[in-house]
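Engineer: Chain residues, written in single-letter form:
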Amino acid sequence: DAGITQSPRYKITETGRQVTLMCHQTWSHSYMFWYRQDLGHGLRLIYYSAAADITDKGEVPDGYVVSRSKTENFPLTLESATRSQTSVYFCASSEWGTAQETQYFGPGTRLLVL
Amino acid sequence: AQTVTQSQPEMSVQEAETVTLSCTYDTSESDYYLFWYKQPPSRQMILVIRQEAYKQQNATENRFSVNFQKAAKSFSLKISDSQLGDAAMYFCAYTDSNYQLIWGAGTKLIIKP
Chain A
-9 DAGITQSPRY KITETGRQVT LMCHQTWSHS YMFWYRQDLG HGLRLIYYSA
41 AADITDKGEV PDGYVVSRSK TENFPLTLES ATRSQTSVYF CASSEWGTAQ
91 ETQYFGPGTR LLVL
Chain B
73 AQTVTQSQPE MSVQEAETVT LSCTYDTSES DYYLFWYKQP PSRQMILVIR
123 QEAYKQQNAT ENRFSVNFQK AAKSFSLKIS DSQLGDAAMY FCAYTDSNYQ
173 LIWGAGTKLI IKP
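Chains as they are written, first to last, in this note's numbering: chain A, -9 to 104; chain B, 73 to 185.
A couple of the hints might just be wrong.
[To be verified] Rough simulated footprint, nothing fancy, chain A against chain B, three-plus residues with beta-carbon under 8 Å:
#1 116 to 124
#2 160 to 171
#3 176 to 183
Derived from the structure by calculation, the hints contain no laboratory data.
All C-beta atoms in this analysis are idealised placements derived from N, C-alpha and C, irrespective of residue type, glycine included.
Turn these sequences into a full structure, and let the hints steer you where they fit.
Structural biologist: In structure tokens:
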């Protein structure tokens, strides 16, 4: 299917475990983004990527690692999960990353850290 | 700090009536873009409407329109002829100088049949 997909959709893990959230887009968009959404807050940017092998920190990068070896994939890894990382995670993409562009969002991954 | 404020955590409207969701923001930039996104219960984030700050004309998309007041840094969303499918969380956002989206906390819109 075309578009942007995320997996898994739901994940329960324990404190201290490593977790990887996957994001895949079929549009060949240059820019990809990871956000987290917490109750009572809007989305907050974790990391973004302008192209393969180019990544940069967003507003809340601590505790997260990203990579982008291929244009279409942008995995997000929690190296040692903490309870404060319980959240809904959204991946998004845009063609050029310019200010006026629409960002297209995946369906989200709901992560619970026990 | 750059912020977006949506002062109404929840709004309700009767089906077929009009509702306005408010949004104010704080930026020192002169050129930027403003967005309203909709998040239905499915959690999918969907663009509703976009406004370019250097354009004085308010953007419209079918039943959705904005009232953009640049000097007041206000960007409200008006939904006309509300439909049950409009029920969702609505988020206001703008792009900062690094082209990153800064988001408000959202307004939950309830449509009464």
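Engineer: Hints first: check each against the structure and report whether it holds.
Structural biologist: Status of each hint after checking the structure:
A count of 6 residues in the stretch 116 to 124 of chain B with a Cβ less than 8 Å from any Cβ of chain A is obtained; the coverage claim is therefore met, three being the minimum. Only when three residues or more bring their CB closer than 8 Å to a CB of chain A does the claim for the stretch 160 to 171 of chain B stand; here the count is 4, and the claim holds. Counting residues of the stretch 176 to 183 of chain B whose beta carbon lies closer than 8 Å to any beta carbon of chain A gives 3, which meets the minimum of three for the stated coverage.
Of the numbered hints stated above, none is contradicted by the structure.
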